[in-house]
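Produce the entire structure from the sequences given, and follow the hints as far as they go.
Heads up: the sequence lines are chains H and X, in that order.
Counting from 525, one number per residue, gives the positions in the first sequence under my numbering.
Counting from 4, one number per residue, gives the positions in the second sequence under my numbering.
Because the hints were derived from the structure by calculation, they are not lab data.
Below, a list of computed lysine to any residue pairs in the SDA-like style, where the Cα atoms sit at most 25 Å apart: (1) LYS847/H to PRO862/H; (2) LYS847/H to ALA216/X; (3) LYS847/H to GLY219/X; (4) LYS847/H to SER947/H; (5) LYS847/H to ARG611/H; (6) LYS847/H to SER729/H.
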Amino acid sequence: MIEPPLWLIVIPLGAVVPVYLLRHRQLGAYLAAFASLFVGILAVVLPPTNAVRLAGRIFLLDPLTQYVLATYFVVSALLYVAGQPLRPGRYFLPLGLCISGLFAIAVMSRHLAISGLMMTLAAIAAVPIIQGELSGSVRGSWRFLVVMCLALPCFLLAAWHIDVYREDAEHAVYLPQAAVLLAIGFSLWLAALPAYSALTSFSTSSPPVSSALVLIGFPMMGLTLLGHVLAEASWFSWWSQTGRMLLVVGLVSVTLGGVLTFVQRSLRVMLGYAALYDLGCLLIALAVQGAQGAAALYAGLATRALGLALLGIATATLLAETKGDALSGLCGVGRRRPLAVIALGMGSFTLVGAPLAAGFAGRWLMLRNLAQMDERWMWLVLLAGLGVAFAYLRALYVLLRADAITSRTSRAESASSLWLPTSVLLLLSLATIALGIFPNPILRVAALVVTLYPLPRL
Amino acid sequence: MFEVGDLERLLEIMREGGVVGVLITGALIILVRDWRVTLLALLGQYVMVGIVLLQLTSPEIALIKVLVGALICLMLYLAARQSGWGVLSRADVALVTSSGDSISNERDPLPWISIAFRALVMSLVFVLALQLGRDYPLPDVPPDVGLGCYWLMLVGLMVLMLTEWPLLAGPGLLTALTGFELFYTPLESSLIVTFLLAMVNLLLAVAISYLAAVQGLNPLREGSRD
Chain H
525 MIEPPLWLIV IPLGAVVPVY LLRHRQLGAY LAAFASLFVG ILAVVLPPTN AVRLAGRIFL
585 LDPLTQYVLA TYFVVSALLY VAGQPLRPGR YFLPLGLCIS GLFAIAVMSR HLAISGLMMT
645 LAAIAAVPII QGELSGSVRG SWRFLVVMCL ALPCFLLAAW HIDVYREDAE HAVYLPQAAV
705 LLAIGFSLWL AALPAYSALT SFSTSSPPVS SALVLIGFPM MGLTLLGHVL AEASWFSWWS
765 QTGRMLLVVG LVSVTLGGVL TFVQRSLRVM LGYAALYDLG CLLIALAVQG AQGAAALYAG
825 LATRALGLAL LGIATATLLA ETKGDALSGL CGVGRRRPLA VIALGMGSFT LVGAPLAAGF
885 AGRWLMLRNL AQMDERWMWL VLLAGLGVAF AYLRALYVLL RADAITSRTS RAESASSLWL
945 PTSVLLLLSL ATIALGIFPN PILRVAALVV TLYPLPRL
Chain X
4 MFEVGDLERL LEIMREGGVV GVLITGALII LVRDWRVTLL ALLGQYVMVG IVLLQLTSPE
64 IALIKVLVGA LICLMLYLAA RQSGWGVLSR ADVALVTSSG DSISNERDPL PWISIAFRAL
124 VMSLVFVLAL QLGRDYPLPD VPPDVGLGCY WLMLVGLMVL MLTEWPLLAG PGLLTALTGF
184 ELFYTPLESS LIVTFLLAMV NLLLAVAISY LAAVQGLNPL REGSRD
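Right, here's the structure in full:
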């Protein structure tokens, strides 16, 4: 008899082969989306269970893991349905499911070595998705692979140090080393300077829907595992140092993301840097928790997934019209795809945390907490956010220009063939507007997760 | 009569020989840019690491490491041949510079400068590995093995910095991980972790082969026809 939490691993991994066989048909996308959606709902409805032992290791489905997996599985289901007509590559669906299953193992495992190995396997599986069968530059996928693989030794060694300490408390001398190794490992996973290019460079050449899937998944699982270490590791006691480090890394990521998004002239590259900006905000939200605890972080995890899904699908839909992705070659393209332009705007506003977009409530909480610590940092985050917002407003202006409309390429998809991505964009845009105007549902869920799985104040 | 003490002494000699082999193969990986030599050096490196591990862990684990290494080298070789590396001369391949995607159609005017630079880097890495081995000795492994671990990890990182071409940088990444495994394998008793680590290595080689095949040498071949 399979323990209920293990279904979150078995179903996506079990669906890989049938989805691979059906990958060329829309049915494959539907099957992948159905499996993913089903697992997402299962993650929500599964009752709290005791720890499960598998191959001698402990697995636990805690409320944070449930929340994160449900969010990821539901958003990835939307990406599968919307992404297939946009031709993200033949490995997108099967390997996407494979990555989902590996993520589930990684975040449910309570052994850092297993989590590290699973995240590395997921990164390896992500390489063909990122590459999208595009010949030519492999720089982005190569950098991503290298950075994720270099983090693995840190987690394995840290896990060994912790195991040795658990066997004999006299080995507590190893714990500072374990903490340093974890700091390095998480810095690499969470694209801290100078590893930020691991997350941003692949968006340059990768299909935008694939980029969105990877940009949503890996940082989300990295943050969840970091949350597990902070909340559950009895040996960990470096709270204030961790808080300072997270704050600095978050501020650097926010600044870099804001400035570099502003100077970009390509929609794909902007996606990567906007994601970096948002990731920086999440790190700050983890470091600076106010009266609401980690509510800003938990709300931000869901709205980030929503924003990046919107940006990824909208970018891919707009680029289906033309050859390149430089803004200069996209003049007036938005007039033929107005809904994609609206979705692009809503996605960017969600990541920026602008009013009337889903990210606003969580960002507001984070900024308020940050201002209580130091007002200058709040202004820095706001300025960086303006950089991202201006970059996308400029893109919207170019896309809607009427004076120089770029002609369609011969390989451009017809509007009727893109009804699925357009429908998903409409659905997600309405969702982000609704959550922007009425943020209570997302705040209530975040508050519930905070109650069930509180993170320590750093 | 052959006694237990003699066997231990023999294993110790083999281990020391293995460490010397590790130093030599690491040097070859950093010095030579011909993919054939790099792959041979990588294969030799896995064999040497297996020999070193014979004394530090069970023979089965050491054998698995060697077999996994042989499979990795085979995969990389097939990927290299499939993507056209085998049909190009060494000089042509050497033109695929560390700048990653930039393909030059002209011959390297100063090949010795590149070799001298790599030799200098190698010397610095060796000094650094010696220093690290002395100042931060690795726990539970003999000092010579600690030197081998540091050496392989640093060589791997250096190769990663010198090139972004997957087929040339890939052995660097694998070398860095091998250096880590040389230290980690005797520490970790869990079979599941050992199995998963072997799987990571194999799938990493698949990913490197995939990237090498996707990128190929098409631009270079087209350039040479002009």
